[in-house]
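Colleague: Here are the chains, one letter per residue:
There are 4 protein chains.
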Amino acid sequence: MLYFENDYDRGCHPQVLKKLCETNSVPQPGYGADEYSERARSLIREACAAPEADIFFISGGTQTNAVAIGGLLRPWEGVYAAGTGHIGLHEAGAVEFTGHKVLPLPQRQGKIDARELRASLKGFYADPNHTHMVFPGMVYISHPTEYGTLYGLRELEGISDVCKSFHIPLYMDGARLAYALAADTDVTLPDIARLCDVFYIGGTKCGALCGEALVFPRGAPEHFETVTKQRGAMLAKGRLCGAQFEALFEDGLYFKVGRSAVALAMEMKAGLTKRGIDLFIDSPTNQQFPILDNALLEKLEDKVWYSFWEPFDGSRTVVRFATSWATEPQVVSELFKILDNCRG
Amino acid sequence: MLYFENDYDRGCHPQVLKKLCETNSVPQPGYGADEYSERARSLIREACAAPEADIFFISGGTQTNAVAIGGLLRPWEGVYAAGTGHIGLHEAGAVEFTGHKVLPLPQRQGKIDARELRASLKGFYADPNHTHMVFPGMVYISHPTEYGTLYGLRELEGISDVCKSFHIPLYMDGARLAYALAADTDVTLPDIARLCDVFYIGGTKCGALCGEALVFPRGAPEHFETVTKQRGAMLAKGRLCGAQFEALFEDGLYFKVGRSAVALAMEMKAGLTKRGIDLFIDSPTNQQFPILDNALLEKLEDKVWYSFWEPFDGSRTVVRFATSWATEPQVVSELFKILDNCRG
Amino acid sequence: MLYFENDYDRGCHPQVLKKLCETNSVPQPGYGADEYSERARSLIREACAAPEADIFFISGGTQTNAVAIGGLLRPWEGVYAAGTGHIGLHEAGAVEFTGHKVLPLPQRQGKIDARELRASLKGFYADPNHTHMVFPGMVYISHPTEYGTLYGLRELEGISDVCKSFHIPLYMDGARLAYALAADTDVTLPDIARLCDVFYIGGTKCGALCGEALVFPRGAPEHFETVTKQRGAMLAKGRLCGAQFEALFEDGLYFKVGRSAVALAMEMKAGLTKRGIDLFIDSPTNQQFPILDNALLEKLEDKVWYSFWEPFDGSRTVVRFATSWATEPQVVSELFKILDNCRG
Amino acid sequence: MLYFENDYDRGCHPQVLKKLCETNSVPQPGYGADEYSERARSLIREACAAPEADIFFISGGTQTNAVAIGGLLRPWEGVYAAGTGHIGLHEAGAVEFTGHKVLPLPQRQGKIDARELRASLKGFYADPNHTHMVFPGMVYISHPTEYGTLYGLRELEGISDVCKSFHIPLYMDGARLAYALAADTDVTLPDIARLCDVFYIGGTKCGALCGEALVFPRGAPEHFETVTKQRGAMLAKGRLCGAQFEALFEDGLYFKVGRSAVALAMEMKAGLTKRGIDLFIDSPTNQQFPILDNALLEKLEDKVWYSFWEPFDGSRTVVRFATSWATEPQVVSELFKILDNCRG
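Residue numbers (numbering that gives the first Met the number 0), protein chains in the order written: chain G, 0 to 343; chain H, 0 to 343; chain D, 0 to 343; chain E, 0 to 343.
It is worth saying that the hints were derived from the structure and are not from the lab.
Positions of the beta carbon are idealized from the N, C-alpha and C atoms, including for glycine.
Don't take every hint at face value.
[What the hints assert, rightly or not] Now the stretches of chain D that chain G is said to cover, found in silico as 3 or more residues with beta-carbon under 8 Å:
#, region
1, 78-92
2, 131-137
[What the hints assert, rightly or not] Think about it this way: if two alpha-carbon atoms lie no more than 27 Å apart in a straight line, the pair counts; the simulated DSSO-like pairs of lysine-lysine are:
#, chain 1, residue 1, chain 2, residue 2
3, E, Lys17, D, Lys17
4, E, Lys336, E, Lys268
5, G, Lys298, G, Lys268
6, H, Lys121, H, Lys163
7, G, Lys273, G, Lys336
8, H, Lys17, G, Lys17
[Claimed, not checked] Derived Cβ-Cβ restraints for the label pairs, each shown as a range:
#, chain 1, residue 1, chain 2, residue 2, range
9, D, Glu266, G, Glu154, 50 to 58 Å
10, H, Gly251, D, Asn128, 34 to 42 Å
11, G, Phe123, H, His129, 38 to 46 Å
12, D, Asp126, G, Ala48, 40 to 48 Å
13, D, Glu249, E, Phe335, 37 to 45 Å
14, D, Glu34, E, Arg73, 27 to 35 Å
15, E, Pro189, D, Pro189, 51 to 59 Å
Let the hints inform the model, and build the full structure from the sequences given.
Modeller: What follows is the structure, given as structure tokens:
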């Protein structure tokens, strides 16, 4: 069986596991005050070129989004997100559970556009009834998006400028940030730290067993630690995330993890295209979305593990093939062999 | 330095770590559908003698409490807890954040009493204004309590009976359940499963890196999985908790973990008492609360790591010494040596 | 000045005021147990042909929506509403504040369609990821809609059938229900009580000083009174709403209020059409939406009070002219005179 | 039947009703922008000697408390209140519904004490675990308290000073403020405006049909209007409260309302004492709490309407007799006659 279903089907990267083993018996204070968390924070500050950054380690992505968004919005505010944004669709209403509305924006390939964002904000304030409406108080973007696409530097700067001119924070969901940073892109981690007010560096889908690093590049809001505790997002053994992120940001492992996965995804993309298979989206990252004949999919069933995405037409389906740090190099050529055999 | 500050200062029990290492490279489905979680659930059902139990693995205790309590209470209800209960004091208002009041009950040594509970419930329904008040919709107990004390079987049955007669669920916070089960007690895990409507088996403080097993012995309420997702309590890599709980419930490790810690705590208790040191509470579990002279505490500062609990009087302080699965046997006698030296 | 800005610019209907004056000095119990509330409930039950109905009087519409929706939804559920629905746009996120998502549905002229609703529900349950999504737990419709349009009996039955087959309640926001019932329609109040699981009969915009009657035709959910208290929706002087609704449902005043307003609106509609003025929407109720030249609007400024709705094109604007129980018959012909003069 | 059950059993004061009748047919803008609300705000600013005050009219007390407290607290904060405070007991958890904890303080006769407040705040910040606890973010007092008692100027200044030194707002629930201002007290409305950060002037229990005036003496927080809308607390016909408060603050009616009720209550108190009837509380306001023999209470049943308060001992009960603006002067002497007859 070939595994392309997602990027979280294995445990953690061997170097991450090694760090957990090496540190296991050392006594450490709890709640994130341990030395691994401290060191991980230093390494992340350095990688972000953000010496003033405050960093919180939280166990999963939905929780990180809910804590960051719900913790920053003021009571009368909601958060803008692409209609396809993860917070609007696949987090079971976690943002609304904190009392705030997700305000949908038009999207193209999972991305929002600075001009449309500005127009929406201007429209809001121009509406004579806006005091009876939810104020847009934050912009949420995912990078890579749910479709694997990326913002270019110009696009990100544009969105950041709009946010600044309306005095609302820009928040980036980086669940798969390793794969964004490793792609053919002009956006670096320091760019993200410079342009976003808060973002998270995903661990769970990028080589950790669990954990996301929520980064406030210019310092966290008041009492944010208590906000994380109140929302159940503070681990007693902060060391679990601390040690993992220490491993991920030592010797550039986080970037290496991304590079191997993206390289294989690009190989997959080229091979699919060469075989005349259409791609639903032109994704530069570790998720590829081929449009496959339903007949072919039936034949793949006991050979390849992939994700159903959406029906394309009566006879074809969009599926997702994801690579990760754990994808062995040879499986992509094995996939091609299987495809070639099945398609006869 | 001797480490008695708490029971979560080390990583995880070596057998737990071994399981994580052994399973690390096996692909598994996400969100708790992995085979380790499935097996851990089976083992827990067996240990609880509760073949119908539904079990959810959640990363930490505050989150488990908030999800269980907030997920079960109906909008007009609150939860009873001892005034000293963890949910009322040290979880930063996580229950209130879900919209529900914690209703304080009188306590003795951290425990509530069935008769007082019944009187409070009767008083509530007898109050002609009770429709303008928060309905008591659940009873929360911790076992061991925050003071290390335990409910006896008779006490637990009494509380359970009151809950049944008022048709409200009994919820047990078992953050340190391993230490309760290993103590000199007549309460077994099957008793807990029989008498409680929902409880959690603590992992974080009992040998895991993270994770608590929330158990509904007679089946979970409708769509509880979505409730956990909505509240950020569902890990993508459910295997992380699954594998750990599989290790903890294989070959009785969870009970072994408790026994070694409690045995050392009893040794500590006996030695303290022998030395004429008063104990604030008569605790049969892994937490001991000696009342120490402030002068002595100063001398211990660079030798023993313990927790401040509360001032006792002008010259003495209550402190907490906790043992755990990780406490090496010899450190208790080393502690006595240090105490004897310091007290001259 | 002619007043067409809205249907709540005056106090209350003279018969409502008379009732308040007549009952003012009679001592009554509080919190809705007064005899006027009791009698109003009887009259409403009769008018709805719903002898088992439970009825709660709540001071305003946004609050009624939030209490009804937030009080009925279970934690994992959201509420479907037309994208133009009042709860999604102009209630400042009151539903989200209760922790629930508003799930937008396609709309035409403010109305949703039974087939699209069914397709959305089927699509939800067919989605393999739906346990990670907000469950649709209620359908919200407004009648009249925000555009003054009405559901026909067939349409309403269709929506009700879908709700029944998916076991979710149908909720109708009847802020302007008097104007719906008085229009050229085949939907009666007993139809609404039969087809909806809960709905409110608007008072504020239909002749009362304040107050909406929330009706559960087949009985309210458990402890709903406490839910209203918890959400600040229970008036100490329940008599204030009780007496007003008693007046509105005595001698058919509520229907009379609607008829006079709708008759004048139809006269206005005919006159506008006759003058070649386009209507944005074909509304059969008390709100009319002419598309007027911006030049004309400037001339009207100190003569007619109306509501801005939305820009139509570079030179024209959609405005709203509303009649109410308080609109004097002659003002419609006065409006025509002014229009004729201004348009020269 | 003599009516002493509460101070909201009648409609509104005749001058309030007169104002509603006089203004009924005048068209006005909605949502609090009407001229009566504007004038009422001016009159209240003047009466408070607070020219910068922002004032919001809200329909009832529970809602006002929930909006003021929930709207001002930051996510990590709770509100201090006397254990007997209305928000902690008889508002069905309305504050918790907004996500915040009510932190109980010791009380005497319904009042909290500045020194105990300071000690609690110091204790909180001295606790090494306080970042895991709910931060005290506001102080709630009721004046008169639920027991009819009053803070003296010295006491109020003391509490205000503590709040200032800990940078948390002081909030006064003035549901019955008219009766406080009319009592034998050294606290004036300008004192309250000077010493509190926010408070409400009760209408419902002081002569209005509904409505409370929430006053921010030094200006409201940002977007508070939207916060009221979001929480269902903004009436479309703001004029309903506006006109009533205009009447109440014209020609000193609010003070007159209080004076007549308090004078009768003092007459009642003197008469009860003279007859050897013990009072549970020494209340200087319109609520009196005699301790009556159960045998006597039975005899009063069809003659006097009063409130049950709490059992005193096996044979006696604390009851509440309330006067109001509507209490006719002769009923107090009639009460004495009945008491004298019944006690034989």
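Colleague: Indicate, hint by hint, whether the structure satisfies it.
Modeller: Consistency of the hints with the structure:
no.	hint	verdict
1	78-92	holds (count 5)
2	131-137	holds (count 3)
3	E:Lys17 x D:Lys17	holds, 12 Å
4	E:Lys336 x E:Lys268	holds, 15 Å
5	G:Lys298 x G:Lys268	holds, 20 Å
6	H:Lys121 x H:Lys163	holds, 14 Å
7	G:Lys273 x G:Lys336	holds, 13 Å
8	H:Lys17 x G:Lys17	holds, 12 Å
9	D:Glu266 x G:Glu154: 50 to 58 Å	holds, 54 Å
10	H:Gly251 x D:Asn128: 34 to 42 Å	holds, 38 Å
11	G:Phe123 x H:His129: 38 to 46 Å	holds, 44 Å
12	D:Asp126 x G:Ala48: 40 to 48 Å	holds, 41 Å
13	D:Glu249 x E:Phe335: 37 to 45 Å	holds, 41 Å
14	D:Glu34 x E:Arg73: 27 to 35 Å	violated, 45 Å
15	E:Pro189 x D:Pro189: 51 to 59 Å	holds, 57 Å
Of the numbered hints listed earlier, the single one contradicted by the structure is hint 14.
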